[in-house]
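Visitor: Chain by chain, the residues:
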Amino acid sequence: MKKLELKIDNKNWGTSYGQLVWQQLTKNRTNLVCLWFIIVLFTTAVFAPLIANDKPFVVRMASTGSPQVEGKVYFPLFGTLTANDYSVFLAAIIGVILLFLLRRNSRKVNPFLRSAVLWRQISVCTVILLLGIILLQFFIPRRLDATDYKAMLSSGKATDAIFPLVPYGYGRTDIKVCQRPPNRNHWLGTDDVGSDVLCRLIHGTRISLSVGFVAVGISGIVGIIFGAIMGYFGGKIDFLGMRLVEIMMSVPTFFLIITIVAFFPRSLFNIMVIIGITSWTDDARFIRAEFLKLRNQDFVQAAVSLGLPLRSILFRHMLPNGMAPVLVSVTFGVAGAIFIESALSFLGFGVAPPTPSWGQMLSTGVSTTGEFLWWLSFFPGLAIFFTVTAYNLLGEGLRDAIDPKLRKAV
Amino acid sequence: MTDNGTILSIQNLSTFFDTEQGTAKAVQNVSFDIKKGQTLALVGESGCGKSVTALSIMRLIPSPPGRIASGKIFFKSRDILEFSERQMRRIRGNKIAMIFQEPMTSLNPVYTIGSQIVEAISLHQKKSYQQAWQIAQEMLERVHIPDPDRRMVEYPHLLSGGMRQRVMIAMAISCRPSLLIADEPTTALDVTIQAQILDLLDELQKGENMSILLITHDLGVVAQRADNVTVMYASKIVEQCPCGELFNNPLHPYTKGLLNSLPQLGTRQNRLNTIAGNVPEPLNFPSGCKFHPRCPVGCNDKRCHTEEPALKQVSANHYAACWYAEK
Numbered sequence: 001m002k003k004l005e006l007k008i009d010n011k012n013w014g015t016s017y018g019q020l021v022w023q024q025l026t027k028n029r030t031n032l033v034c035l036w037f038i039i040v041l042f043t044t045a046v047f048a049p050l051i052a053n054d055k056p057f058v059v060r061m062a063s064t065g066s067p068q069v070e071g072k073v074y075f076p077l078f079g080t081l082t083a084n085d086y087s088v089f090l091a092a093i094i095g096v097i098l099l100f101l102l103r104r105n106s107r108k109v110n111p112f113l114r115s116a117v118l119w120r121q122i123s124v125c126t127v128i129l130l131l132g133i134i135l136l137q138f139f140i141p142r143r144l145d146a147t148d149y150k151a152m153l154s155s156g157k158a159t160d161a162i163f164p165l166v167p168y169g170y171g172r173t174d175i176k177v178c179q180r181p182p183n184r185n186h187w188l189g190t191d192d193v194g195s196d197v198l199c200r201l202i203h204g205t206r207i208s209l210s211v212g213f214v215a216v217g218i219s220g221i222v223g224i225i226f227g228a229i230m231g232y233f234g235g236k237i238d239f240l241g242m243r244l245v246e247i248m249m250s251v252p253t254f255f256l257i258i259t260i261v262a263f264f265p266r267s268l269f270n271i272m273v274i275i276g277i278t279s280w281t282d283d284a285r286f287i288r289a290e291f292l293k294l295r296n297q298d299f300v301q302a303a304v305s306l307g308l309p310l311r312s313i314l315f316r317h318m319l320p321n322g323m324a325p326v327l328v329s330v331t332f333g334v335a336g337a338i339f340i341e342s343a344l345s346f347l348g349f350g351v352a353p354p355t356p357s358w359g360q361m362l363s364t365g366v367s368t369t370g371e372f373l374w375w376l377s378f379f380p381g382l383a384i385f386f387t388v389t390a391y392n393l394l395g396e397g398l399r400d401a402i403d404p405k406l407r408k409a410v
Numbered sequence: 411m412t413d414n415g416t417i418l419s420i421q422n423l424s425t426f427f428d429t430e431q432g433t434a435k436a437v438q439n440v441s442f443d444i445k446k447g448q449t450l451a452l453v454g455e456s457g458c459g460k461s462v463t464a465l466s467i468m469r470l471i472p473s474p475p476g477r478i479a480s481g482k483i484f485f486k487s488r489d490i491l492e493f494s495e496r497q498m499r500r501i502r503g504n505k506i507a508m509i510f511q512e513p514m515t516s517l518n519p520v521y522t523i524g525s526q527i528v529e530a531i532s533l534h535q536k537k538s539y540q541q542a543w544q545i546a547q548e549m550l551e552r553v554h555i556p557d558p559d560r561r562m563v564e565y566p567h568l569l570s571g572g573m574r575q576r577v578m579i580a581m582a583i584s585c586r587p588s589l590l591i592a593d594e595p596t597t598a599l600d601v602t603i604q605a606q607i608l609d610l611l612d613e614l615q616k617g618e619n620m621s622i623l624l625i626t627h628d629l630g631v632v633a634q635r636a637d638n639v640t641v642m643y644a645s646k647i648v649e650q651c652p653c654g655e656l657f658n659n660p661l662h663p664y665t666k667g668l669l670n671s672l673p674q675l676g677t678r679q680n681r682l683n684t685i686a687g688n689v690p691e692p693l694n695f696p697s698g699c700k701f702h703p704r705c706p707v708g709c710n711d712k713r714c715h716t717e718e719p720a721l722k723q724v725s726a727n728h729y730a731a732c733w734y735a736e737k
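Going down the list, the sequences are from chains X and F. At position 378 of the first sequence the residue is numbered 378 (the numbering used here), and the sequence of numbers has no breaks. For any residue, its number in the numbering used here is found by taking its place in the second sequence, counting from 1, and adding 410.
So that you can see chain F by itself, here it is in the shape it has in the complex (with noise of 0.2 angstroms):
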């Protein structure tokens, strides 16, 4: 936590929500660093709590009926939950930038797109309109908007999808955040657009030196642009490495389930591979492992069952939370 190179650090976070059928612990005891210029993906199925870690990060859990239970977010070698309302606001945004998953809807249908990107830098740092204007264009010049002169007067829906998370990013990147937290930033893009914005990513994290925190469940995306992988299942982190390691020796099963459901290519099959059955409500969750009644290794294991494994070290960066891990 006060090594250098580390920018933000979450140890032992919990985020709970009060409904009334109970407690949900959406996220438990989840603890990971990022590194400056570095990227961590945080895989997942949808429900894993990948998102509401992300909003932990960013103090955005709706309140009530979430609470972040326990735990510490350093950002910078400072606690921000202990931080009030105020210094948050000058964290978001500025420090701390997020994308959202729907471009579609993330932008405010009101207001044209310079005004929205000039409203963000104007927020955070003392420059004129004019200086602010300058800097929006150039922001969409470097997310590879064509003629971005014109588009800045112009209003979201106009945009395409692609489009509009190109100004999402610029938007996001405007203030030079040291964090950029992507939440599935290219889910609801079609393919080619999918590349196209994580090379932008991948270019602007290295212009700028930029942390991302790339949140995802395809694993493609991960194989590709992450360093670390932070692996969830039902609220726990089950599996923790550096991204080669996770794809050349997975150790839980259920990552290994995860990237047996690719297809494979220069193998002939019918049907993808799937882990059967769903992940678990958060009300609801299993004892023992988590991930047992899913599991093809620990569903007949008394243990697996019964008692729930820890997340333990097997190798130099590996980690995992499986009895059956072993080098």
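Okay, chain X solo, but in the shape it has when bound (with noise of 0.2 angstroms):
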């Protein structure tokens, strides 16, 4: 790899056109709001486990216990904390120290070499990621802990506990509490099983963001680099890979999802990389579009006439020039990719019981003896309504700040 020189300079180059965006974005209160929405989503996401768990983070035990235990302090919640629940962690801080680099390339590092910087960065942030992630894996054993410890406080055996917020796990089941409505102890209500709604509800903020994520990062991503093609070459490429999108229009996308869904095994994982396959040809046609308008433009063929490559000119001149329609589609994508889950999930073909997902959730307001619990219904379906909006809100807001045209003059 070339070396890169990392020399700090303060001098002014100028606003790159990411802060421009950034700035334009945050200038208005709806962004900002919904920005803030997305934040504390992705933090119950990340942090879904220590927010709702029953599993107390401290223990004392007492000394009714066999002596060998006695005023022992037991942090039961992290031991039962899964592999998979400290990779999330890990991510997430993995992410926040990238946001905060990023922040300080673009004051302190030259914009010809940021975008070199930064990909040196992720690289070296992803093979952290994926090694601590093996590490985890290999080191955190499986533990299973079936003690009751609100039985054991409310018994005697231990004399203090601190509980997490929503002390529930979401796998409980409880037919003594089960179909209950919002009330002082399930803020939420409870399922027809008696888990508790709130809990379920913040287990779900996971499947159903990172379903919309990962189904939107795959699709736009193919969609973008086909569209790109497409639109730069034209011509039998073009042609060709119209006749591509049409097949995958014509088929009807949910049934296929349901097809390919019922053939394999039922898994986030799965779910996710359906939705996205089978989701990027608006994208792709988007930006086909503005590509077809943007290469006949002046500055691509200058762009071109100054000897640039194609990658450059494909995906740093027309790009960011013709990304404002997709933005927009992308952000109703994540919407798209959350609502597509929960009908797979109402239908049954989502994730498994008893991992939660909010469509699933949506599902099971209905009950079995033909009442309509409202709570079980309700808050699920707020819990989509504000995260479609909030993205789409954001979608539109990104389109305004990145959209030249519409941007008056800084």
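No wet-lab data here; the hints were simulated from the structure. Beta carbons: idealized from backbone N, C-alpha and C, even for Gly. It cannot be assumed that every hint is accurate.
[Claimed, not checked] These stretches of chain F come out as covered by chain X in the derived footprint (C-beta under 8 angstroms, 3 or more residues): (1) 555-568; (2) 657-668.
[Unchecked claim] In the DSS-like style, the derived pairs of lysine-lysine whose C-alpha atoms are separated by at most 27 angstroms in a straight line are: (3) K537(F) <-> K108(X); (4) K236(X) <-> K435(F); (5) K435(F) <-> K293(X); (6) K486(F) <-> K537(F).
Make the complex out of the two chains shown on their own, each in a separate frame, by following the hints.
Guide: Encoded structure:
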């Protein structure tokens, strides 16, 4: 790899395009609210097991128990977290570090080196993340802890315990409290097997957010590359590409997904990939249309006449100018993916219970006896509604911020 | 072609566009040389193949439908039509640079002026960002942009048309090309700015000993700046001669018509003279001499209707393609 000079200089290199977009985006209050809402959602998703869990953070054993545990302090929650949970924490920490590095880069590193430095940072972080995940999987055993700490507390076996905010596990079944409307113990009620709705809602955030992101990430990348190539080259490539897109579009996506899901094991990963590879056609068409328009623009001609390589012309010069419609479609796509996942789960093709997802929770609203238990549908529905709305509003804000024509002189 | 003074030599270049209605012969059998440090003006009405010739030199003809059907383009004695795309990329912007007609849209709206020039520099020269930035700033100074330090970090939409054309020129000359193709560089600008830009090109040409292919339809521009003139009409060269000769002794009726259309100082004219009719479409060229339907001389001559005159030498370095072209 070429050695990069990481000289820190405080020369004014001008405001980069990214910084401009960010400034524009954060000027608008609606965008800020949406951004914060999504940050809160992400935090919830990452720390779900710390917010809603039936294991206490700390527990002190009472003297009534066997003498060797007397007065001892245990941390059952951290013991029962799986390697996956720890991996998610690690990923979140690395993600935040990357964001800080990005911010630092834009101030300290000159724009010419910025992307190279960023790529190096991303690759280092990815390696650390992968290594970390492997190590975690290796060293953290899968522990099952069936102890009922609440019972211990009430029976006097333990003297003190600090529980998370929502002291229930998402897989807990308790026939005694099933189908209860919201009350003091269960703020959002319980479902038909007695699980706490709030707890499942919090854990379901993980599923819904990751479906939205990974599926849209896949479809976005595939769509942009396909569309860019079709739009730029035109001719036969465009013809063949568009026929492929049309074939993909002529198949009803939802039924295709159901069919595929029926053949593969019910896993979250499969669902994300399938949604991703069936929904890239819209992005490809948007990008193609933009590129068809852009490739005859003078600045693209000028870029070619300067001898820039194709990659730079396509993705550095054309893409930022043709990104606006795709950004909107991508944010709608996040919303759409959450919807599809919900619908699949509603029909029983989604993630397998007891893993909670918002769509699956919606479907439990009508009980086997035919009653409508409003709290079972209302709260997950509300969660879906707010998430989708936040994404859509943010997408629109981003479109306005990114479009140089809509932007007033800075 | 092996002559050391010749930087670009085009021989029998033909560029065709395959359309559904047939083959549009946009450029046919065009040949000319440009010597080091000289300016060649390519003159003609819109649609007569000037820009296509320029794009052919850069190998920027969109293909399909366009194709360079025949001919050779020698740049520094090497036929660039045989170059691979990769070799061509090293030539573009580095050895041959181009300025476009529309300065308003030729700069990418999403990047600062500085970063666009720096990109061009660092693409062809091994320079650190700091050095490239320095060079870019010098280039902006050379094209007389006031306060280049501040302009470097500004976006194109903050600049006027003339300023943007200066930036385009700065970008084009930043790698010190030996040939600059200026495709109607002043058409979109008003007259005072036009003169400034042309003066600038002149100044830079002298400083760098650069050759310029100046594409224009403005004969006033030609008279001031060009060393040699090539007049094109309907895909072919109709007249070729040194600049002074063209104005003193035009041979082709088309050239005469063009000169006639200029307003004359000192005479009272109500209407400017025109050449009647339009440039024929490349799909539908007239038989014989392509100019005959509009020609005041040959419109009744049978030979002009049926036979096409070749470009022939009339005097030492004066060529014309007309049956009536005599000394």
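Visitor: Compare the structure with each hint and give your call.
Guide: Taking the hints in turn, this is what the structure says about them:
With 6 residues having a Cβ less than 8 angstroms from any Cβ of chain X, the segment 555-568 of chain F passes the three-residue criterion, so the hint holds. Counting residues of the segment 657-668 of chain F whose CB lies closer than 8 angstroms to any CB of chain X gives 0, which falls below the minimum of 3, so the coverage claim is violated. Of the pairs offered as hints, the one joining K537(F) and K108(X) holds, with about 20 angstroms between alpha carbons and a cut-off of 27 angstroms not exceeded. As the CA atoms of K236(X) and K435(F) are separated by approximately 23 angstroms, the hinted pair is consistent with the 27 angstroms bound.
For a cut-off of 27 angstroms, the pair hint linking K435(F) to K293(X) stands: about 26 angstroms separates their Cα positions. Of the pairs offered as hints, the one joining K486(F) and K537(F) holds, with about 25 angstroms between alpha carbons and a cut-off of 27 angstroms not exceeded.
Comparing the model with each numbered hint stated earlier shows that hint 2 is the single one that does not hold.
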